[in-house]
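In the order they appear, the protein sequences are chains Z and X. 1 is the number of the first residue of the first sequence in the numbering used here; add one for each residue after it. 1 is the number of the first residue of the second sequence in the numbering used here; add one for each residue after it.
Treat the hints with care, since some could be wrong.
[Claimed, not checked] Below, a list of computed lysine to any residue pairs in the SDA-like style, where the Cα atoms sit at most 25 Å apart:
{"id": "1", "chain 1": "X", "residue 1": "65", "chain 2": "Z", "residue 2": "12"}
{"id": "2", "chain 1": "Z", "residue 1": "16", "chain 2": "X", "residue 2": "44"}
{"id": "3", "chain 1": "X", "residue 1": "65", "chain 2": "Z", "residue 2": "136"}
{"id": "4", "chain 1": "Z", "residue 1": "16", "chain 2": "X", "residue 2": "60"}
{"id": "5", "chain 1": "X", "residue 1": "36", "chain 2": "Z", "residue 2": "136"}
{"id": "6", "chain 1": "X", "residue 1": "65", "chain 2": "Z", "residue 2": "46"}
{"id": "7", "chain 1": "X", "residue 1": "230", "chain 2": "X", "residue 2": "107"}
{"id": "8", "chain 1": "Z", "residue 1": "16", "chain 2": "X", "residue 2": "63"}
{"id": "9", "chain 1": "X", "residue 1": "63", "chain 2": "Z", "residue 2": "52"}
{"id": "10", "chain 1": "Z", "residue 1": "16", "chain 2": "X", "residue 2": "22"}
{"id": "11", "chain 1": "Z", "residue 1": "16", "chain 2": "X", "residue 2": "20"}
{"id": "12", "chain 1": "X", "residue 1": "230", "chain 2": "X", "residue 2": "100"}
{"id": "13", "chain 1": "Z", "residue 1": "16", "chain 2": "X", "residue 2": "18"}
[Claimed, not checked] Which stretches of chain X does chain Z cover? Using the computed rule of at least three CB atoms under 8 Å from a CB of chain Z, they are:
{"id": "14", "segment": "95–102"}
{"id": "15", "segment": "113–121"}
[Unchecked claim] The following label-pair restraints were derived from C-beta to C-beta distances:
{"id": "16", "chain 1": "Z", "residue 1": "42", "chain 2": "X", "residue 2": "127", "range": "30 to 40 Å"}
{"id": "17", "chain 1": "X", "residue 1": "100", "chain 2": "Z", "residue 2": "16", "range": "27 to 37 Å"}
{"id": "18", "chain 1": "X", "residue 1": "214", "chain 2": "Z", "residue 2": "227", "range": "49 to 59 Å"}
{"id": "19", "chain 1": "X", "residue 1": "262", "chain 2": "Z", "residue 2": "16", "range": "36 to 46 Å"}
{"id": "20", "chain 1": "X", "residue 1": "276", "chain 2": "Z", "residue 2": "13", "range": "15 to 25 Å"}
{"id": "21", "chain 1": "Z", "residue 1": "35", "chain 2": "X", "residue 2": "107", "range": "22 to 32 Å"}
{"id": "22", "chain 1": "X", "residue 1": "152", "chain 2": "Z", "residue 2": "226", "range": "53 to 63 Å"}
{"id": "23", "chain 1": "Z", "residue 1": "38", "chain 2": "X", "residue 2": "127", "range": "40 to 50 Å"}
{"id": "24", "chain 1": "X", "residue 1": "127", "chain 2": "Z", "residue 2": "227", "range": "35 to 45 Å"}
Quick caveat, the hints were computed from the structure, so don't treat them as lab data. Glycine included, each C-beta is placed from N, C-alpha and C at the ideal position.
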Amino acid sequence: MSWYHPADVGLAVRSKLADLGYSARLFGRLLASVGTVVRRPGLVRDQIHFMGNYSLAIIAVSGIFVGFVLGLQGYYTLQRYGSSEALGLLVALSLVRELGPVITALLFAGRAGTSLTAEIGLMKAGEQLSAMEMMAVDPVQRILAPRFWGAVIAMPLLAAVFSAVGILGGWVVGVLMIGIDAGSFWSQMQGGVDVWLDVGNGVLKSVVFGFAVSFIALLQGYEAQPTPEGVAHATTRTVVVASLTVLGLDFVLTAMMFSI
Amino acid sequence: MAEHPSDSLVELQDLSFGYGERLILDGVTLSIPRGKVTALMGASGGGKTTVLRLIGGQYRAQKGKLLLHGAQQGQDMQDMGLANAQQLYTARRRMGMLFQFGALFTDLSVFDNVAFPLREHTNLSPALVRDIVLMKLNAVGLRGARDLMPAEISGGMARRVALARAIALDPELVMYDEPFAGLDPISLGTAARLIRQLNDTMGLTSVIVSHDLEETFHIADKVIILANGKIAAQGTPDEVRHSTDPLVHQFVNALPEGPVRFHYPAASVDADFSAGAGR
């Protein structure tokens, strides 16, 4: 048994393909569930509230520290070229275009994504999803869909909070501590950040990350082995897969946005 | 005890089901009579719960039919193995199922758990939902527990809440998956009486999957014993109790030795314990 048989390879490929097809179908069903969500907005509102509350503290605290660091590091680089008054622009562009969406998505995967996976996995382990099916209620529509759309809506909002708090952090370090002129800090930022090219692309990124992270979290929970170990594994996989997906998608999206 | 097919609510006809190579049910034909309490018994892993899942349409049989008859005799029947999603959901609205550990929604209170099917499937006013929920909770003796969360109630209470939830929409068929497992003697007696009482007062048809001989024989009208994927015996509790089939005899008398063996298949004792035997 030290060597693989060709049949094992075939089985592995086939089961991977089957998993992929299953995931794609679930993604399609979640996208199609938008009708249910429009009919019952209360369910989505509750999830946005829940996940937003969960993640707001960690997002805000991380945002302010990232802003502090951007202020310090940005000043260090800019003052070599004598353009330290452009610090506001540097901080704002870094956050809005890149760090806001990406770090928010990573933190969201760790905070809300894992709790989604664990919640769905435990519902499956406790036969709650089966019970719902037997009550003629589709768990994909009733449980997964509100969480999916809730996360998709929450993600850009959290990214916006992250960027806003981060800019304040940059202002604290740059203007209050280092002593850069407040007027040039803000006016450079106003003049240099484009609503569509910079803010718009950042929002687009965070919406895409919202789809990716919430889908991965829900899929891992829904597909988890209905045992304590299964849920634990699924939660870990959510963080790993979602983080890698976010970073990979970030590169693809950035490359596409540059070429436009 | 042969019944006319139209007297039955659910019929399995030559039904086979298995996972991969392993056949759980092998050409089983049985019927669940209307208005009666039918008990499915047998050793663990004998396919009892599988029958419930097949009736609910969560599993599909590889061979044979599973027919759910209409609400009235002579109405259209539904083959659950061929139902599309719409038909499946229509059929499931006529059923209630009690899962082994209740399967209550842990994020909802007792009240909201029982109200869940009503809110999902009807447009009743909140006042009417409240009245129905309290009536169902009263039927299982838990009207006063309405504001508790599932984590705050005992296993026996959780199962009673789940029962209230299962009958919230006044189903025709209620299926109980191991309703007595892990209950103390008092809760067990209460649960058994409740099943019988609800069956008779609400005009239900009940199917119980259970290991508990005493209580189940006490409340069942019909007992079906499954073994090795086939029906070993069926009939009234008395008929089954006096069955001469060795396997049924072993089961109803809880004997350690018989056709079902205590030892998992192994090499002979001599070979395993002789000097020099490998691991």
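So, going through the hints one by one against the coordinates:
Our distance criterion of 25 Å between C-alpha atoms is broken by residue 65(X) and residue 12(Z), whose separation comes to about 34 Å. This hinted pair does not check out: residue 16(Z) and residue 44(X) have alpha carbons roughly 33 Å apart, beyond 25 Å. The hinted pair formed by residue 65(X) and residue 136(Z) meets the criterion: a straight-line CA distance of about 21 Å does not exceed 25 Å. With a C-alpha separation of about 24 Å, the suggested pairing of residue 16(Z) with residue 60(X) holds against the 25 Å cut-off.
For the hint pairing residue 36(X) with residue 136(Z), the CA-to-CA distance comes to about 24 Å; that is within 25 Å, so the pair holds. Between the alpha carbons of residue 65(X) and residue 46(Z) the distance comes to roughly 43 Å, so the proposed pair goes past 25 Å and is violated. At roughly 40 Å between alpha-carbon atoms, residue 230(X) and residue 107(X) are farther apart than 25 Å, so this suggested pair is violated. Taking the CA atoms of residue 16(Z) and residue 63(X), the gap is about 28 Å. The hint is violated against a cut of 25 Å.
A C-alpha spacing of about 49 Å is found between residue 63(X) and residue 52(Z), which places the hinted pair above 25 Å, so the restraint is violated. Between residue 16(Z) and residue 22(X) the alpha-carbon distance is near 24 Å, which keeps this suggested pair within the 25 Å criterion. Proposed proximity of residue 16(Z) and residue 20(X) is supported: the alpha carbons are some 19 Å apart, at most 25 Å. The straight-line distance between the Cα atoms of residue 230(X) and residue 100(X) is roughly 23 Å, inside the 25 Å bound, and the hint therefore holds.
Taking the CA atoms of residue 16(Z) and residue 18(X), the gap is near 24 Å; set against the 25 Å cutoff, the hint holds. Look at the segment 95–102 of chain X against chain Z: 6 of its residues bring a Cβ nearer than 8 Å to a Cβ of that chain, three or more, so the hint holds. Taking a C-beta to C-beta cut-off of 8 Å, the segment 113–121 of chain X contributes 4 residues in contact with chain Z, enough for the three needed, and the coverage statement holds. The hinted window of 30 to 40 Å between residue 42(Z) and residue 127(X) is violated, with their beta carbons roughly 19 Å apart.
At about 33 Å, the CB distance of residue 100(X) to residue 16(Z) agrees with the hint of 27 to 37 Å. Remark: the range hint 49 to 59 Å for residue 214(X) to residue 227(Z) is contradicted by a beta-carbon distance near 32 Å. About 42 Å separates the C-beta atoms of residue 262(X) and residue 16(Z), a value consistent with the hinted range of 36 to 46 Å. Range check, residue 276(X) to residue 13(Z): Cβ separation about 45 Å, and the 15 to 25 Å hint is violated.
Separation of residue 35(Z) from residue 107(X) is about 24 Å and conforms to the stated range, judged on CB atoms against 22 to 32 Å. About 24 Å separates the C-beta atoms of residue 152(X) and residue 226(Z), a value inconsistent with the hinted range of 53 to 63 Å. Judged by the Cβ atoms, the range 40 to 50 Å given for residue 38(Z) and residue 127(X) is violated: they are separated by roughly 27 Å. For residue 127(X) and residue 227(Z), the hinted distance range of 35 to 45 Å is satisfied, since their beta carbons lie about 42 Å from each other.
Of the numbered hints given earlier, the model fails hints 1, 2, 6, 7, 8, 9, 16, 18, 20, 22 and 23; all others are met.
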